[in-house]
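S.K.: Sequence:
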Amino acid sequence: MNNNKILLNLLALITVLIWSTTFIFSKILLNIFTPLEVMFYRFIIAYILLLIIYPKFHKIHSLKEEFMFLICGITGGSLYFLTENSAVKISQVSNVGLIVATAPIITALLAHFFTKGEHINRNLIYGFIIAISGVFLVIFNGSFMLKLNPVGDMLALGAAISWSVYSITTKKFGSKYNHLYLTRKIFFYALITMVPFLWTSEFNFDIKKIQNISVIMNLLFLGAIASSLCYVVWNFTVDKLGVIKTNNYIYLIPAFTLLFSICILNEKITLYSALGALFIFLGVYVSENGSKLGNLLLSKNLFKSKNDY
1 MNNNKILLNL
11 LALITVLIWS
21 TTFIFSKILL
31 NIFTPLEVMF
41 YRFIIAYILL
51 LIIYPKFHKI
61 HSLKEEFMFL
71 ICGITGGSLY
81 FLTENSAVKI
91 SQVSNVGLIV
101 ATAPIITALL
111 AHFFTKGEHI
121 NRNLIYGFII
131 AISGVFLVIF
141 NGSFMLKLNP
151 VGDMLALGAA
161 ISWSVYSITT
171 KKFGSKYNHL
181 YLTRKIFFYA
191 LITMVPFLWT
201 SEFNFDIKKI
211 QNISVIMNLL
221 FLGAIASSLC
231 YVVWNFTVDK
241 LGVIKTNNYI
251 YLIPAFTLLF
261 SICILNEKIT
271 LYSALGALFI
281 FLGVYVSENG
291 SKLGNLLLSK
301 NLFKSKNDY
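If you count by UniProt numbering, then the sequence shown holds residues 1 to 309, one letter each, in order.
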């Protein structure tokens, strides 16, 4: 692996590491705001920041390309967060977490058919099985009760598919646009498609809610770091590293969230969650380096050849 690929993998890793902390910051904000309010403030902050950093506008080249921006804004923004939050409301959080964690394999399946140079291989399948087993252990933590809720579970699956479509669509833009501009325009359409929901009971602007310094800092983190910075880096990594390899890192989010919960919220680690985290890291490694791992084992004579028997 050359230095460029190491950097790209590191960027993807850092991005999911930051995204893993958003569950903790969102948990604090959801005591004050509704999920829709958190989502809207998060994206408006991100859009304004990117507009300041990159104020340049580009003319519209075609309706087809503009439609692609719209799809990205919906699938990576409004639809993804609305389906996920709605799923959490009516289904078990454990169900939602497990189903959303299938996003990398759904992305791989869609990319196999709809993008060039992105193919499914054995390592990817083996890595998925190992990683999703780890996700299962972390989320259920020894309480293996999968309570089905058709509507909630379908919404969670919709969120996973939505993110997969977002990743594949952004990949199609390639390096045509500056990634700051690309992300800013995606956020613009995400905000536009949120507007109809602002007239529902789920959104109520109250200036008193955002006068607390702690609330402001949490919103700034979600908007400036977790949204604007991370989305720019993610879109760049998808373009350069590939949609399948980049999305494999999403498996790590439950493991990192577990670690942050232990360090920040003082939650206790169990044997199941520790084993699950290990499986997740192993699954991601196998997805990326499965064949290399096999060759390494063979080179060290850990497996006997037929002639040895």
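Hints in this document: simulated from the structure, not taken from any laboratory.
Worth double-checking, as some hints may not be accurate.
[Said to hold, decoys possible] The calculated DSSO-like cross-link candidates involving lysine-lysine, where the alpha carbons are at most 27 Å apart (straight line), are:
hint	residue 1	residue 2
1	K176	K240
2	K209	K27
3	K209	K89
4	K209	K64
5	K172	K5
6	K172	K245
Remember, predicted model here, so these are calculated numbers, not experimental data.
S.K.: Indicate, hint by hint, whether the structure satisfies it.
M.R.: Quick rundown of the hints versus the structure:
no.: 1; hint: K176 to K240; verdict: 12 Å, holds
no.: 2; hint: K209 to K27; verdict: 15 Å, holds
no.: 3; hint: K209 to K89; verdict: 23 Å, holds
no.: 4; hint: K209 to K64; verdict: 40 Å, violated
no.: 5; hint: K172 to K5; verdict: 20 Å, holds
no.: 6; hint: K172 to K245; verdict: 15 Å, holds
Violated hint: 4 only; the structure is consistent with all others.
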